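Engineer: Residue numbers (our numbering), protein chains in the order written: chain A, 30 to 637; chain V, 31 to 159.
Hints were generated in silico from the structure; no laboratory data involved.
Being a predicted model, the structure only gives us computed values, none of them experimental.
Don't be surprised by glycine CBs; every beta carbon is placed ideally from N, CA and C.
Some hints here could point you the wrong way.
[Unchecked claim] In the DSBU-like style, the derived pairs of lysine-lysine whose C-alpha atoms are separated by at most 35 Å in a straight line are:
1) Lys306(A) / Lys39(V)
2) Lys61(V) / Lys179(A)
3) Lys235(A) / Lys98(V)
[What the hints assert, rightly or not] So the derived label-pair ranges between C-beta atoms look like this:
4) Ser153(V) / Gln613(A): 40 to 48 Å
5) Lys147(A) / Asn100(V): 52 to 60 Å
6) Lys98(V) / Ile310(A): 37 to 45 Å
[Unchecked claim] Sample of chain A residues facing chain V (criterion: CB under 7 Å; computed from the structure):
7) Phe208
8) Ser236
9) Val237
10) Cys256
11) Ile310
12) Asp312
13) Phe316
14) Ser320
15) Val592
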Amino acid sequence: MNGYGGTILRVNLTDGKISKELTPAQLARDFIGGRGFGIYFLFKEVPKGTDPLGPENKLIISTGPLSGMMAPGGGKCDWTTKSPLTGGYADASMGGHFTAEMKYAGLDTIILEGASAKPVYLFIDNEKIQLLDASSLWGKGAIDVEVELKHKYGEEYQIAAIGPGGENQVLYACINHDFGRQAGRGGVGAVMGSKKVKAIVLHGTKSVPVADLEAYRKAGMALYKACKDAEGLAEWSRYGTTIVTSWCNEVGALPTRNFSAGSFEGIDNINGQAMRKEIVITDKGCFGCPSPCGKYSNMKRYNTQVEGPEYETIGLMGSNLGIGDIQVIAEANRLADDLGIDTISAGSCIAWAMECYEKGILTKADTDGLELKFGNTEAVFTLIKKIAYREGKIGDLLALGVKQASQEVGKGSEKFAIQVKGMEQSAYATHNATAMLLAYMTCDVGAHHNRSWAITYDLQVGREKVVPEKVAHIIWLQNFRPMFDVFGSCRLQWVELGIDRDLYCPLLDAITGVKRSWQDLEAVGNRIWNLTRMYWVRENEGFGRDWDLPATRFYTEPPKTGVTAGQITKFEDVQRLLDMYYEQRGWDNNGLPTQATLETLNLTTLVA
Amino acid sequence: MRLYADSAKCSGCRACLVACSLNLFQESNPKKASLNLIPHFPNPGVFEMKVCTQCGDCAAVCPTEAIKLNDRGAYYVDFAECNLCEACVPECPEDVMFVRTELANAAWKCDLCGDCVSVCGTSALWIAN
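Isolated chain A, as found in the complex (with noise of 0.2 Å):
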């Protein structure tokens, strides 16, 4: 099948049965890849009510058309799952090099399905595909799985590969790649880990059939020249998604001290420009980059090297702990992934237990005698590896993530939890961006923000403003956005370079040998967005409005510093955002998608 490898790998653990089936054409023409092939297969085949930690539940890795293809950021791989953090739908977007290699290993998609036993890991190369023991491995952390392995096998072999964090069931544990890209959130990496597989190890060397060769090259070619001729290009390269930093904190969006505030006293040490300066040392491109958004980095105090941070390290890890050190920054950003933990969570859970911590909430008896305070670089430290080994009390409160720990901590600290659905928020304050709130709150993952990327619109348009346009536009945002991911490609040539997303039409046409204009492809968006919606309604009974409320602080606590000190959304404009977001989405009041939508979208029979 042209711009596909072909085949659908399923790997039982339990009884370790592998078996082939062929890509499904329908399959391909209806959810075209990636995320779209991810949601099908979870919603079809794993059980209702199934735990996400046992052996019903199934870890989805999807390549996309232009995965691996000559095409800008080709190198997205998605791994969906029934999330232990949030017990709802989640999918996490790898960068690097391990999508493309799955692709010329002729993989549309691997299943990894039941639980081993024995710790193993998947080895691929071609059409030799087997489980190997890997109890010499269990139990180091990623980066040293990934050395040992790329050793073993050679450099042309992509290695995924969970540390302790997975190991141990975190439930933000993420799954690491290419010394430093992740598949970061909603717990993939516990999932991984209760199935016992430490690592993949992949390597293919087939050509990817295309539908007109001499269209996809020139179509390849056309976007090569618009990236490349891109204003933006050189800056971007430069700093990476860090380019942000300075201008939320101008804007009161950098999340500090547990998103109490929006700016950071120490931002001139923590941004783009002090990290570049201080730290970097390479620019580091997933597969078919031409604006390499990874910096990687030489910390010259610890002697360690790292891929990033990026922004929403430098937010969550940084300004949000009350952090003003890049290279500490760094250090724990090496640390969470080389244990296996997702630094945002990670970061977010520590800086609600340092909150806790100075509102005397916890106290050392509760901490293992840490210090938990604000900016305390120690026991940050501490932490990450107490929560990666899930060591001592507060290792292992802050393993179940922000929502479960501050419901059984209790004592008001719910209130100071930051995350919707059970998701810790990435790293934009919403205490006044109303349009970026409503992204967090309507996320089909819980509050993370590359469904719709919305704080400069707000700024563009009004903060505080609660119209319909508004909500427009982050519905317009969720379906278009997330086809990269169903594309197995990267987003940022078109939110960063600012390139003419109509020239991806024929160059997916010219890989598949499907016509497909924008419109076409949002109704794909459309219809995936909405049998995510309907994993979380069938999973979770009561499923409805409240779970779309955002973290308690944004409408209830403005920040006392910074440029929105005074300022939070009220709480019936909340309403109002949902009120609007679910007429406009065609959903009940209580944000259920109604018959007729469902039917419209042709997804009835799916979700029966």
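Given chain A, work out where chain V should sit, using these hints.
Structural biologist: Chain V in isolation, oriented as in the chain A frame:
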């Protein structure tokens, strides 16, 4: 004319490798490219690029004279005349003379098409005298 690479500017994305395979073999397959990318991670954290300097050492030892000059002044492999003897491989000072029989039934090398330069977003590759 020859291809030049500045490893310090390379971000390891491999776009050059796909573009190369597409021109050389009319296939999308970075394993069939005539540049060599060697990442050195996690430490020291640098990428190393190897490219053909068009020195001609490969052509000089080829027993079937399969390595010829094209109109760009670059040595290329005439696939039909290559007998896979591999004599050229150890002669290449840059390790960019490729024989992988599981991938192709002839040796291959850079023919200076320039497509790698066209897709490189970090200006790590260029063609000059």
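Engineer: Each hint needs a verdict: does it hold in this structure or not?
Structural biologist: Verification of the supplied hints:
Restraint check: the Cα-Cα separation between Lys306(A) and Lys39(V) comes to about 17 Å, which is no more than 35 Å; the hinted pair holds. Of the supplied pair hints, the one linking Lys61(V) and Lys179(A) holds, its CA atoms being roughly 17 Å apart against a limit of 35 Å. Note on Lys235(A) and Lys98(V): the hinted pairing holds, with a Cα-Cα distance of about 28 Å set against a maximum of 35 Å. Checking the proposed 40 to 48 Å range against Ser153(V) and Gln613(A) shows it holds: the Cβ atoms sit about 45 Å from each other.
Checked against the hint of 52 to 60 Å, the C-beta distance between Lys147(A) and Asn100(V) comes to roughly 56 Å, which is consistent with it. Between Lys98(V) and Ile310(A) the CB atoms are about 42 Å apart, so this pair conforms to the stated range of 37 to 45 Å. At a threshold of 7 Å, the smallest CB-CB gap from Phe208(A) to chain V is about 4 Å, leaving the interface hint in force. Taking 7 Å as the C-beta contact cut-off toward chain V, the hint placing Ser236(A) at the interface holds, the least distance being around 4 Å.
Of the supplied interface hints, the one on Val237(A) holds, with its beta-carbon coming within about 5 Å of a beta-carbon of chain V, less than 7 Å. Hint on Cys256(A) holds. Least Cβ distance to chain V is approximately 6 Å, under the 7 Å limit. For Ile310(A), the suggested interface contact is upheld, since its CB lies about 6 Å from the closest CB of chain V, less than 7 Å. For Asp312(A), the suggested interface contact is upheld, since its CB lies about 4 Å from the closest CB of chain V, less than 7 Å.
The closest approach between the C-beta of Phe316(A) and any C-beta of chain V is roughly 6 Å, which is under the 7 Å cut-off, so the hint is satisfied. This hint holds: Ser320(A) has a C-beta 6 Å from the nearest C-beta of chain V, less than the 7 Å allowed. Interface hint at Val592(A): violated, since its Cβ lies 35 Å from the closest Cβ of chain V, which is beyond the 7 Å cut-off.
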